[in-house]
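Enquirer: Residue numbers (our numbering), protein chains in the order written: chain A, 1 to 517; chain D, 1 to 382.
By construction, these hints were calculated from the structure, which means they are not laboratory data. Positions of the beta carbon are idealized from the N, C-alpha and C atoms, including for glycine. Warning: the hint list may mix true and false statements.
Here are the computed distance ranges between Cβ atoms for each label pair [to be verified]:
1) F353(D) x M21(A): 33 to 41 angstroms
2) L497(A) x D43(D): 26 to 34 angstroms
3) G246(D) x L497(A): 44 to 52 angstroms
4) E244(D) x I484(A): 39 to 47 angstroms
5) V277(A) x W362(D): 32 to 40 angstroms
6) I274(D) x K509(A): 32 to 40 angstroms
7) R363(D) x T505(A): 33 to 41 angstroms
8) T112(D) x V277(A): 34 to 42 angstroms
9) N242(D) x T494(A): 47 to 55 angstroms
When the alpha-carbon atoms are kept at most 30 angstroms apart in a straight line, the in silico DSSO-like pairs for lysine-lysine are as follows [stated by the list, open to error]:
10) K127(A) x K368(D)
11) K150(D) x K369(A)
12) K127(A) x K55(D)
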Amino acid sequence: MELLDAALVNWSRAQFALTAMYHWIFVPLTLGLAVIMAIMESIYLKTGDEKWKNVAKFWMTLFGINFAIGVATGIIMEFQFGTNWSNYSWFVGDIFGAPLAIEGILAFFMEATFISVMFFGWNKVSKKFHLAATWLTALGATLSALWILIANAWMQYPIGMEFNPDTVRNEMVDFWAVVLSPIAINKFLHTIVSSWVVGALFVVGISGWFLIKKREVDFAIKSLWVGAIFGLVSSVLIIWTGDGSAYHVSQRQPMKLAAMEGLYEGQKNADLLAFAVLNPEKTYNDSIEPYIMSVKVPIPGLLSFLGYRDFEAFVPGIKDIIEGGYETSEGTALSFEERKERGKMAQTALDEYKKAMSIKDTSNALIHKKILRENYAHFGYGYLSKPEDIIPNIPLVFYSFHIMVGLGMYFLALFALLLFMLYRRKMEKAYWLSYAALFTIPLGYVASQVGWIVAEMGRQPWAIQDVLPLQAAISGISVESVKITVFLFAALFTALLIAEVRIMTKQVKKGPETDQP
Amino acid sequence: MTTYIILQHYWWFIISLLGGLLAFLLFVQGGQSMLFSLSKTEDEKRLLVNILGRKWEYTFTTLVTFGGAFFASFPLFYSTSFGGAYWVWMIILFCFIIQAVSFEFQSKPGNTYGKTTYRSFLWINGVLGTFLLGAAIATFFTGSDFSVNKGNITQQLAPVISQWGNNWHGLEALLEPRNWALGLTVLFLARTNALLFLINRLNNKTLEERSHKYLFYNAIPFVIFFLIFVTWILIGKGFAVNAETGEVSLEQFKYFHNLIEMPIIMIVFVVGVILVLTGIIASMISKNFRKGIWFSGAGSILTVCTLLLIAGFNNTAYYPSSTDLQSSLTIFNSSSSEFTLKTMSYVSILIPFVLAYIFYAWRSLEKKRTDIEDINNDHHAY
Numbered sequence: 001m002e003l004l005d006a007a008l009v010n011w012s013r014a015q016f017a018l019t020a021m022y023h024w025i026f027v028p029l030t031l032g033l034a035v036i037m038a039i040m041e042s043i044y045l046k047t048g049d050e051k052w053k054n055v056a057k058f059w060m061t062l063f064g065i066n067f068a069i070g071v072a073t074g075i076i077m078e079f080q081f082g083t084n085w086s087n088y089s090w091f092v093g094d095i096f097g098a099p100l101a102i103e104g105i106l107a108f109f110m111e112a113t114f115i116s117v118m119f120f121g122w123n124k125v126s127k128k129f130h131l132a133a134t135w136l137t138a139l140g141a142t143l144s145a146l147w148i149l150i151a152n153a154w155m156q157y158p159i160g161m162e163f164n165p166d167t168v169r170n171e172m173v174d175f176w177a178v179v180l181s182p183i184a185i186n187k188f189l190h191t192i193v194s195s196w197v198v199g200a201l202f203v204v205g206i207s208g209w210f211l212i213k214k215r216e217v218d219f220a221i222k223s224l225w226v227g228a229i230f231g232l233v234s235s236v237l238i239i240w241t242g243d244g245s246a247y248h249v250s251q252r253q254p255m256k257l258a259a260m261e262g263l264y265e266g267q268k269n270a271d272l273l274a275f276a277v278l279n280p281e282k283t284y285n286d287s288i289e290p291y292i293m294s295v296k297v298p299i300p301g302l303l304s305f306l307g308y309r310d311f312e313a314f315v316p317g318i319k320d321i322i323e324g325g326y327e328t329s330e331g332t333a334l335s336f337e338e339r340k341e342r343g344k345m346a347q348t349a350l351d352e353y354k355k356a357m358s359i360k361d362t363s364n365a366l367i368h369k370k371i372l373r374e375n376y377a378h379f380g381y382g383y384l385s386k387p388e389d390i391i392p393n394i395p396l397v398f399y400s401f402h403i404m405v406g407l408g409m410y411f412l413a414l415f416a417l418l419l420f421m422l423y424r425r426k427m428e429k430a431y432w433l434s435y436a437a438l439f440t441i442p443l444g445y446v447a448s449q450v451g452w453i454v455a456e457m458g459r460q461p462w463a464i465q466d467v468l469p470l471q472a473a474i475s476g477i478s479v480e481s482v483k484i485t486v487f488l489f490a491a492l493f494t495a496l497l498i499a500e501v502r503i504m505t506k507q508v509k510k511g512p513e514t515d516q517p
Numbered sequence: 001m002t003t004y005i006i007l008q009h010y011w012w013f014i015i016s017l018l019g020g021l022l023a024f025l026l027f028v029q030g031g032q033s034m035l036f037s038l039s040k041t042e043d044e045k046r047l048l049v050n051i052l053g054r055k056w057e058y059t060f061t062t063l064v065t066f067g068g069a070f071f072a073s074f075p076l077f078y079s080t081s082f083g084g085a086y087w088v089w090m091i092i093l094f095c096f097i098i099q100a101v102s103f104e105f106q107s108k109p110g111n112t113y114g115k116t117t118y119r120s121f122l123w124i125n126g127v128l129g130t131f132l133l134g135a136a137i138a139t140f141f142t143g144s145d146f147s148v149n150k151g152n153i154t155q156q157l158a159p160v161i162s163q164w165g166n167n168w169h170g171l172e173a174l175l176e177p178r179n180w181a182l183g184l185t186v187l188f189l190a191r192t193n194a195l196l197f198l199i200n201r202l203n204n205k206t207l208e209e210r211s212h213k214y215l216f217y218n219a220i221p222f223v224i225f226f227l228i229f230v231t232w233i234l235i236g237k238g239f240a241v242n243a244e245t246g247e248v249s250l251e252q253f254k255y256f257h258n259l260i261e262m263p264i265i266m267i268v269f270v271v272g273v274i275l276v277l278t279g280i281i282a283s284m285i286s287k288n289f290r291k292g293i294w295f296s297g298a299g300s301i302l303t304v305c306t307l308l309l310i311a312g313f314n315n316t317a318y319y320p321s322s323t324d325l326q327s328s329l330t331i332f333n334s335s336s337s338e339f340t341l342k343t344m345s346y347v348s349i350l351i352p353f354v355l356a357y358i359f360y361a362w363r364s365l366e367k368k369r370t371d372i373e374d375i376n377n378d379h380h381a382y
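Generate coordinates for the entire structure from the input sequences, incorporating the hints supplied.
Expert: Right, dumping it as C-alpha cells:
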C-alpha cells in the first residue's frame, strides 16, 4: 500500500483548480448569453422585425463558439472526481453522484437537443418552435448549473445523509434536504445571476465597440438596451443573493467568513471592511495588527448584521474558531483540539466496529457504532494535526472577496449609467462610456473567477466540510502521473482558449449578417 | 428478491442500456475516423463533417450521462476504475475534449491551427476514442489489477480505499488480446454504422457509392473481431459470485452459462446480432436500401446492452479483479444505497420523455437527405 504523498494532494488540487477555472471562463457566458439571445429572439417574434432576428443570430454565433469550448473543458470536471478523487467518490458518491446523473439525464440532453434546433432549424422548423428551442437551450444550460451547484453546495454543507459504518460511506437519507438546502438554492441563484452579469457585460462591451467603430449602430443600440436592462436587473439580484451567501457562510462555514474579512479576533458589533491591506506577518495566535491599513463601510456592526441579522451579534474570528468557547446557535463552540480528539474517536470507533463485526460481536459493535455516531460530525478533524490546518489561504480569500464585491458595485453603476444614456439617446456619442463598457468585459470574468476562489479556497482544507479533508479524498496514483496530466490540460486548454478568443474576435469584427427576406 | 436487489438489477440494466446507446451513437466517431479516406474533395469532407456534426453532441452527452449514471448507481466502480485505470480514462477524455471544439472551430476564421488540425482531432477521437472505450469495457470480462479495502479510510498515512496493482494504471489492459478484440470490434462497428448512417442521410452519389464500397471493408473486420471476442469470453473463464457467501471464483463457460440461464437475454442478444447483420447485408446487396442504420443501430444497442447484462447479472462480478478476486466489484457490493437507487429510479421515469423530445427534434431537422447545397445555404454550417 502506497503512503500518502503531500505532493500528490497538491498536484491533484492544482489540476482541479486549473480545469475548473478554465471551464468557468466559458460557463458564465453560456448561461448569460443564452438568456439574452432568447430575449432578443422573443422580441423578434413579437415585433416581426427582421433586424432583431439578425441581432439574435449574431449573439448565437458567439454563443456557439463559446459553448463548444465549454463542453470541451466540462467533460473532465465530471470524470476527475473518479480519476483524481477516488476516495471522495466512494465516501460520498451515494449522495454526490445523483445530481451528476440527473444533470446528464435532464439538463445535458435538453441542451444538446435544442441547441441543434436553434442552430440548424431556422429554415426547417416554425418560428415558434425555434424560439422554444432557444429558450429550452437556455433552460437546459441553467438546469445543468442547478444540479452541479446542488452537488457543490452539499460539499459546503453536507445534509440529508448518514454515515453507514458497514459500507464505510455516507448515504443519502433525504433527497429533498440535499436539493432544497438553503445553501444550494442561494448558491444556484447567486451563480446564475452573476453569470447573467458576465453575459450582459459581454453584450454591452462588444456593442460599445461597434459604437466606437461607428459600425452597425442600430444593432449595437438594440443589443445595448437588452444587455443593459438585463445586466441592471441581474446586478440588483446579485446584491440580494450575495447577502444570502454571506448569511449562510456565517452560519455554516464561520472560518470562511473570517477569512473573507481577515478577522482574527472575534468581536460583537463587527464592522464590514470596504478595503484593507493585510499584514503578511500576521498569524492566528500573535498580537500583531492584522491590517496595515483598512477602510470600513460606514455602517457600524454591518458584518454582524450580514452574518447574523443582528448588529450586536458576535462574529467569531480565526482565533476563536480554533480555540472555541464562544456561543453559537447550536451551543458552545468546540476548539480545534477538541474536534480533532473527537474526530480520532470517531475513526477509532469505526475501526473497532469493523473488527467487532468481523467476529460477529454485535454487542461491542453497537457500542462502537454509538461512539461513532456521537462523534461523526468531527470525523474529518481526525485527519488533521495542527490548528493551522483548518485556516485557508487568508490573503487569497480576503482580496478575492473584496475584489468581487467592489466589481459588483461597479457593474451596477455601469449598467445604470448605460441605461440612462440610452434613455437620453446620448449613447452613440458617449465614446468614453463605450470604452468603459468594452474594457469591463474582462472584469466580469475576473469577478466570476474570484467569486469561486472565495467559495472554494475559503473552505480549505475540506473536500466535504468537517467530514473529509482533501488528503483523505485522494486517488492512489503517482504524483508524476498527475503532473503530466496537469501540464497536458494546461497546454491543451491554453491552446484552445487562444483559438477561441481569436475566433470570437474575428466573428465580432465580421459583425452581424443582414439576411433580409 | 428484495427491493434493493431489484433496484441494483434495474440500475445495471440502465447502465447497460446507456452502454448500448453509446455504442450505437459512436457512429459519429466512426465517421470521423474516415474523414481522410472516405471523403476526398473539400466539398465531400465538408458534407461529411456537417452531417456528423449535427449529431456529435448526442454521443458526447450519452458518454457524460453514462459516466454520471455509473457514479450515481455504482460509485465503487467509479472510484476504483477511474482512479485506478487512470491513464486509459485520461486518454479517452483527451480524445473527447479535442472533439468537442473541432466541429465548431474548424471552418471559423482565426481558428489559429488550421482546418486540418481540427479534422485530425476528429480523426484521433474517431479511432482512439472508440478503440479505447471498447478495450476499457472489455476489462469487464477480462479483469483488471486492483484491490479494494474500505478499512483503509481510517489509515491516516495511506487512506486510499481502491488501489491499482501496477504503475501502468490501466495501460496494461493493452497486453490482453481479448481487450484488443473488443476495442477493434467497437471501432469497426462504429465505422460500419457510420457508413450505414451516411447511406441513409447523404444525397451525394460519389459518397454514397464509396460508402457502399467501404461497408464491405469495415463490416468484415467488425464481424471477425466480434466473433473472436464473443467466442473467447463464452468459452473462457468468467468471474462467478457465490450467491450465499459473496465469494468470487473463476468458472469455465460462465458467460455462456449466463446466456443459457437467462434465456430472454439470450434471445435479445441473438435478435440484436441478427438485426446488425441484416442492416449490413441488406445494404450491401441493395444500393437502394437506405434503412440499414436503423436495423444495425437497434441491433447494436440490443447486443451491447445484453453483453453488459451478462457481465453483471446472474451472480457475476462485472468489474473483476484478476489479481485479487475477492476485491471484484459486483452489482451488490459496489452499488449506491437503496434510498439513492430508488430516488434515481424515479428520475429515470423521465428518460422516455427525454427520448421522445430527442426523436421529435431529430425528425424535424432531418426531413430530407442532405447535399452540399444544403450545407452551403446553412448559416451555421461547419
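Enquirer: Hint by hint, note whether the structure agrees.
Expert: Hints versus structure:
1. As the Cβ distance of F353(D) to M21(A) is approximately 35 angstroms, the hint placing it in 33 to 41 angstroms holds.
2. The hint said 26 to 34 angstroms for the Cβ distance between L497(A) and D43(D), and at roughly 31 angstroms that hint holds.
3. Checked against the hint of 44 to 52 angstroms, the pair G246(D) and L497(A) passes, with Cβ atoms roughly 49 angstroms apart.
4. Remark: the range hint 39 to 47 angstroms for E244(D) to I484(A) is upheld by a beta-carbon distance near 45 angstroms.
5. About 59 angstroms separates the C-beta atoms of V277(A) and W362(D), a value inconsistent with the hinted range of 32 to 40 angstroms.
6. For I274(D) and K509(A), the hinted distance range of 32 to 40 angstroms is not satisfied, since their beta carbons lie about 56 angstroms from each other.
7. Look at R363(D) against T505(A): about 37 angstroms separates their beta carbons, and that is inside 33 to 41 angstroms.
8. Separation of T112(D) from V277(A) is about 41 angstroms and conforms to the stated range, judged on CB atoms against 34 to 42 angstroms.
9. Take N242(D) and T494(A): their Cβ atoms lie about 52 angstroms apart, and the range 47 to 55 angstroms holds.
10. For a cut-off of 30 angstroms, the pair hint linking K127(A) to K368(D) stands: about 19 angstroms separates their Cα positions.
11. For the hint linking K150(D) to K369(A), the alpha-carbon distance of about 16 angstroms falls within 30 angstroms, and the restraint holds.
12. Between K127(A) and K55(D) the CA atoms are separated by roughly 22 angstroms; this keeps the pair inside 30 angstroms, and the hint holds.
Checked against the numbered hints given earlier, the structure breaks hints 5, 6 and satisfies all the rest.
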